[in-house]
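Chain by chain, the residues run as shown.
Protein chains: 2
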Amino acid sequence: MKCRVCREPAVIDVRRQNANYCRDHFLRMCRDQVAKAIAEFDMLRPGERVLVAVSGGKDSLACWHLLRELGYEADGFVIGLGIGEYSDESTQYARDFAEQRGLTLHYCNLREEHGFDVPTAAKATRRVPCSACGLSKRHLFDAAAREHGYDVVATGHNLDDEAAVLFGNVLRWQTDYLGRQLPVLPGENGFPRKVKPLVRLGERETAAYCVLTGIDYIVEECPMAEGNKHLGYKAALNEIELESPGSKHDFYFGFLKRASARFASDVESQHRELSACTRCGAPTPEDVCAFCKLVERSRGHEPVTLRARR
Amino acid sequence: MKCRVCREPAVIDVRRQNANYCRDHFLRMCRDQVAKAIAEFDMLRPGERVLVAVSGGKDSLACWHLLRELGYEADGFVIGLGIGEYSDESTQYARDFAEQRGLTLHYCNLREEHGFDVPTAAKATRRVPCSACGLSKRHLFDAAAREHGYDVVATGHNLDDEAAVLFGNVLRWQTDYLGRQLPVLPGENGFPRKVKPLVRLGERETAAYCVLTGIDYIVEECPMAEGNKHLGYKAALNEIELESPGSKHDFYFGFLKRASARFASDVESQHRELSACTRCGAPTPEDVCAFCKLVERSRGHEPVTLRARR
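Residue numbers (my numbering), protein chains in the order written: chain V, 1 to 310; chain F, 1 to 310.
No lab work stands behind these hints: they were computed from the structure.
Just so you know, not all the hints are guaranteed correct.
[Unchecked claim] Once the Cα atoms are required to be at most 20 Å apart in a straight line, the calculated PhoX-like pairs of lysine-lysine come out as:
#1 F:K123 - F:K137
#2 V:K234 - F:K234
#3 V:K229 - F:K234
#4 F:K229 - F:K123
#5 F:K137 - V:K234
#6 F:K293 - F:K137
#7 V:K123 - V:K137
#8 V:K123 - V:K229
#9 V:K36 - V:K137
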């Protein structure tokens with residue numbers, strides 16, 4: 001197995017590209033793919049300040065690292081979600097990453113600052129935890145960007161993530177979600193631009209990127225995500241990819257190229273008038289934003305303690 | 001386990017409907033679903049003559065049986081495709097079905113009438129056998145409908161088939177295929193209307209329908225289809241369906257309702273002018289139709305003999 005570029009011994013194969021790479025050319029390939037995604041979708045412009053949504057997992061840390069490597073002024077933001085030891089450990093990985101590299105990491109603890117955590121919110125809302133978690137993260141990243149003057153929020157969503165989300169949206173033909181499943185959402189109405197610089201990298205590549213650059217990250221999946229549909233969609237697409245390498249890439253980028261625009265007019269938020277939330281000031285179509293409603297619903301609840309399953 | 005309708009002991013559960021049925025009410029449910037599909041998509045009108053594309057498998061025989069049960073004037077057409085013993089056996093099932101019920105079954109043998117068979121065509125064209133097979137079947141069904149004066153060709157595609165084909169089309173965003181993946185294709189330019197009356201039934205139900213009505217059918221899958229992508233797509237969707245019963249139904253009917261029309265303008269054949277094939281007279285956008293080209297390419301080839309794998 002030889003490197004596609006230099007013919008020296010390779011350390012990794014990327015079946016989708018039908019290519020093998022040595023360490024250095026693999027890392028260069030990753031940088032090139034991120035640079036290509038940024039250019040292709042006009043994600044970032046020189047001089048913009050980027051806030052990276054960091055979880056402590058491989059994707060968000062690789063994203064932060066790659067943006068710095070490419071010369072962007074990128075700081076991090078991590079949230080203590082209160083998902084037992086998992087949250088403590090993953091936050092620590094983010095802190096260590098920042099500290100070792102002298103980078104700025106903003107931090108927010110859901111319980112300390114807003115009086116609830118994800119397990120409690122899930123119980124209070126009687127919905128899957130990923131729902132309250134996603135809502136909280138989106139809100140807090142947006143608010144942090146506004147507060148600290150960042151132009152853009154970058155997330156570590158990789159090709160596998162985007163393909164699985166697309167599969168879920170297509171299985172139910174959720175036309176509004178399809179209309180806004182883009183690698184860039186423009187900043188408007190007080191929301192920062194959202195970008196996904198890793199959409200051209202698979203999750204096996206982001207993991208390898210971390211290993212080969214010495215980035216320590218939390219390896220476990222979130223314990224509350226277990227058994228969620230997203231993981232089932234990933235598994236189904238993995239089977240397809242195994243038979244036909246490149247399927248995920250073609251599925252996602254074929255969508256962007258040939259289908260996405262057909263659903264653009266269905267995006268609900270486009271048709272809404274926004275005003276400031278009467279509690280927190282965030283832009284919202286109603287009087288009180290969804291996050292402040294979640295805060296209210298969750299606060300009255302007895303905290304839920306996650307038991308370790310080790 | 002009790003019948004949803006009469007509370008007598010049930011013989012089958014249909015998880016998608018969250019329902020169990022006794023024999024009689026299951027058969028009635030199948031008829032109702034077919035009647036509903038026919039009405040919903042305006043597939044057939046009273047007095048029209050229907051030619052059922054019969055393979056000898058569960059779906060096409062159930063389709064024929066159900067159309068007769070619903071009072072349609074439906075005859076069958078089976079093709080000897082030359083796929084070794086599989087073709088001989090499946091054709092025999094079709095013949096027995098017709099004979100036992102005094103129905104008209106048209107027959108065409110590819111090798112005797114056109115000088116080739118599917119395995120040979122696959123070798124000659126160096127493509128997957130399903131490609132030459134599908135092309136031949138479509139051509140011969142259309143030609144038989146014209147020759148014998150049928151208004152409509154009905155095929156036994158069930159919900160599982162359509163969902164798997166849709167998945168394949170969506171994975172590659174083949175917008176022209178998506179634009180014409182409909183349960184009814186209108187008859188025009190010398191082509192008969194094409195209808196799929198079983199789109200509201202899963203393949204487990206068509207199998208149960210045959211068993212419960214005493215229809216003998218060939219159980220084996222076509223040996224040449226082994227390992228094709230379609231079967232991989234079915235397996236992936238089966239996993240999803242197992243977790244969330246009704247997923248296939250929502251995927252397919254959600255597509256028809258909310259997405260299909262967005263791809264209608266991409267259908268290539270709409271933009272083509274057709275004239276009669278100079279060899280066989282079939283409508284074609286070129287001088288010679290694709291089937292006659294296949295005949296020509298395959299005839300020069302030494303026949304391929306399939307070896308039994310028992």
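Going through the hints against the structure:
1. F:K123 - F:K137: With Cα atoms ~18 Å apart, F:K123 and F:K137 stay inside 20 Å; holds.
2. V:K234 - F:K234: holds (16 Å)
3. V:K229 - F:K234: holds (18 Å)
4. F:K229 - F:K123: This hinted pair holds, its Cα atoms lying about 19 Å apart.
5. F:K137 - V:K234: violated (36 Å)
6. F:K293 - F:K137: holds (14 Å)
7. V:K123 - V:K137: Judged against 20 Å, a Cα distance of about 18 Å means the pair holds.
8. V:K123 - V:K229: Distance ~19 Å between V:K123 and V:K229 Cα, so the pair holds.
9. V:K36 - V:K137: violated (27 Å)
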